[in-house]
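Line by line, the protein sequences are chains E and V. In terms of our numbering, the first sequence opens at residue 1 and continues consecutively. In terms of our numbering, the second sequence opens at residue 337 and continues consecutively.
If you are wondering where the hints come from, they were derived from the structure by calculation, not from laboratory data. Each hint should be verified, as a subset may be incorrect.
[Claimed, not checked] Below, computed lysine-lysine pairings styled on DSBU-like, alpha-carbon distance capped at 35 Å:
| no. | chain 1 | residue 1 | chain 2 | residue 2 |
| --- | --- | --- | --- | --- |
| 1 | V | K597 | E | K289 |
| 2 | E | K287 | V | K511 |
| 3 | E | K36 | E | K25 |
| 4 | V | K511 | E | K12 |
| 5 | V | K511 | E | K25 |
| 6 | E | K88 | V | K597 |
| 7 | E | K104 | E | K136 |
Keep in mind the model is a prediction, meaning the values are calculated, not measured.
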Amino acid sequence: MIRARDLRKHFKVHRRPPGLAAAVKSVFHRTYDLVKAVDGVSFTIERGERVGFLGPNGAGKTTTLKCLSGLLHPTSGDVEVENFVPQKREADFLRRITLVMGQKQQLIWDLPPADTYAMNRALFDVPQAQFDATMKELSDLLDLGELITKPTRQLSLGERMKCELACALLHRPTTLFLDEPTIGLDVSMQLAIREFIRAYNQRHEATVLLTSHYMDDVVALCPRVIVIDGGTIIHDGDLRGLVKTMHPGKLVSFTLGGPVAEDAIASLGDVIRREGARIVLQVSDAKLKDVVAHLLATLPVTDLSVEDPPLEDVMRAMFKDKAVGLAATQPVEAEA
Amino acid sequence: MSLRATLRAVPTLLRIGVAETVAYRAEFLVWMLTTTLPLVMLGLWTSVASEQPFHGYSSPDFVAYYLATLIVRNLTGSWVVWQINEEVRHGQMSMRLLRPVHPFIQYGVSHVAAVPLRGLVALPIAAIMLFTTARESMSHDAAQVLLFIPSIVAAWLLTFAFLFALGSFAFFLDKAMSLMEVYFGVFAILSGYLIPLSLLPSWLRTLADWLPFRFMLSVPVEILTSRSLGAGRAAELVAAQWIWAAGVLALALTLWRAGVKRFEAVGQ
C-alpha cells in the first residue's frame with residue numbers, strides 16, 4: 001500500500017539572468033526562488049492497484065515518485081510505502097520496490113545485461129533458485145532470448161528498455177514506480193511493455209504507479225488516475241469519471257455515402273473534425289440515442305461508431321496553455 | 337542489508353568489477369600513464385644524487401623510494417570522486433541509491449576489483465626493480481617489512497574514505513571535481529608523492545605529521561624503504577594509519593548521509 005499525506009517538496013533554485021555581468025554578480029550575490037514542486041499531495045493506493053499519474057511537464061509527478069521511492073526527503077508531510085518510511089531507505093524497503101525511469105539506465109553500458117542481472121542478484125541478495133525462476137519468467141514475458149548476452153551498448157533502444165525492465169524486476173518487487181517506461185519506443189514495443197506490466201501486476205499482485213506522456217499507456221493500464229498540476233492534485237479517481245467530467249458526451253464518427261447539407265449535420269452536435277466524407281461530432285449523453293437514430297434513418301451513412309473522447313483531448317482541455325506533451329490517439333477503454 | 341548478506345554479495349561484485357575494468361581498456365591505459373609521475377621524479381632525483389648523496393639520499397635510495405611510491409600509488413589510487421560526481425550530475429546516482437547495499441561498499445568493491453589489472457604492468461616491473469637494483473636501499477628488518485601489509489590496507493582505506501568524503505560534496509556543490517584538484521595539489525606535497533617528506537622544510541614536515549596525507553602514501557613507503565625506522569616505530573605508524581582511517585571513514589559516512597538527505601535530483 002502507498003500512502004501520502006500532505007506531502008510537500010520544495011526546492012531552492014538559484015536564478016541568474018543571462019549575460020556576463022549577471023554571471024559575475026552571481027559570484028558575490030545569489031538570488032534564490034522557492035519552487036514548490038509538490039505542495040500538499042495526499043492519496044492512498046491499495047495493494048495491486050494500477051494507477052496513472054498524469055499532469056503537464058513540471059507538475060510534480062517525478063518528484064512525487066522520487067519521494068515515494070526514498071530518493072528525495074520530503075520538505076514536510078508523511079509518506080508510507082508498504083509500511084516503510086521511504087526516505088530511510090531500509091534494505092527491506094528497497095527489496096520491495098523498484099523505480100523505472102525511462103530516461104535513466106542501470107544496465108552497465110559495456111557489459112551484457114546478464115552481468116548487471118548477476119550484480120543485482122548479489123546486491124538484492126536474491127537466492128539463486130528464485131533468481132533463475134524469475135529470470136525465466138521475465139525472459140518469457142519480455143522475449144529476451146539472446147539479448148541478455150549482448151553488450152548493452154549494442155542493443156536498440158527498445159531492446160535495452162526490455163532488459164532494463166527485467167533488471168528492475170529481478171528482485172520481484174511488489175511496488176512498481178514507473179516513470180515514462182515506454183518513452184522513445186515504437187508502437188509495437190510500447191504494446192509489449194504494456195502487456196508485460198499488466199501480466200506482472202496480475203501475477204504478483206504488484207502495486208503500479210505509472211507516469212507516461214503516452215496516453216495509450218494510461219488508458220490501457222490504469223483504471224484509476226491521479227492528475228497533478230502545480231504540485232497539487234486536481235483529480236483522483238476513475239479514468240472514465242475524469243473523461244466524463246471534463247468532456248461530457250460521446251464522439252460520434254460516421255462516413256457519408258453522398259452529399260448532405262451542412263445545416264443537417266451542425267444541428268445534431270458540435271462538429272469536432274471533418275475530413276472529406278468522414279465527420280466527427282460531439283454529442284451530449286442525453287441526445288446521443290436520438291442523434292444516432294436520426295443519422296441512420298435520414299442520412300446516407302455508410303459506417304458509424306460511438307466512442308469516449310480520447311484522453312489526450314481531455315488532458316489538453318485540463319491544461320490549456322501548458323506543455324502537456326501528450327501523444328496518443330486511442331479512445332478511452334480502460335480495463336480493470 | 338545484514339553484514340552476512342553484504343559479504344555474500346562481494347564475490348559477485350568483484351567479478352563484475354573485474355569485467356568492467358577489462359571493458360574500459362583505453363581509459364585504463366590512460367589512467368596507468370597518469371600514475372607514472374614517480375618515475376619522472378625518480379629520473380630527476382637520481383641525477384641530482386648521482387655524484388654524492390643529497391640530504392642523506394643516495395641515488396639507489398631515490399630509486400627505492402620512488403619505486404615504492406609507484407607501488408603504493410598503484411595499489412591505493414582512487415577515482416571515486418569522479419564516479420560520484422558524474423553519477424550525481426547525470427542522474428545515475430538515483431539508481432545506485434535504490435540498491436540495498438551501501439554505496440561505500442559498492443564503490444569500494446569495484447575499486448578493489450580494479451587493483452589487479454591496474455597494477456598488472458606497473459607493479460611487477462616496480463617490484464622486480466625494487467628487489468634487484470634498489471634492494472640495498474630497502475629495509476632489512478623482516479618485521480618492519482611485514483608491517484607493509486596492514487599499512488597498505490590502511491592506506492587504501494584512508495585514501496578511499498577521504499576521497500569518498502570529498503565525493504560526497506557533489507551533493508552540495510555543482511562541481512566537486514574542482515575539490516579534487518585542490519586535494520591533489522596538497523596530497524602531492526604532503527604525502528611524499530613528489531618528494532620524500534624528509535626533504536621538506538621542517539615546518540612543512542611538522543604539518544605533514546598532523547595531516548592524513550602522510551598516512552595515505554609516505555608511511556607504507558617509509559616502512560618498505562627506511563632502514564632507520566625499526567619495527568616498533570613502524571607499528572606505531574600503522575596504528576596511527578588505522579586511527580586516521582577510522583576517523584575519516586566516520587566523517588565520510590556522515591557527510592554522505594547529509595549529502596543524500598540534501599540530494600535534490602531535480603529533473604533527473
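(message) Hint by hint, where does the structure go against what was stated? Just the numbers, ascending.
(response) Numbers 1, 2, in rising order.
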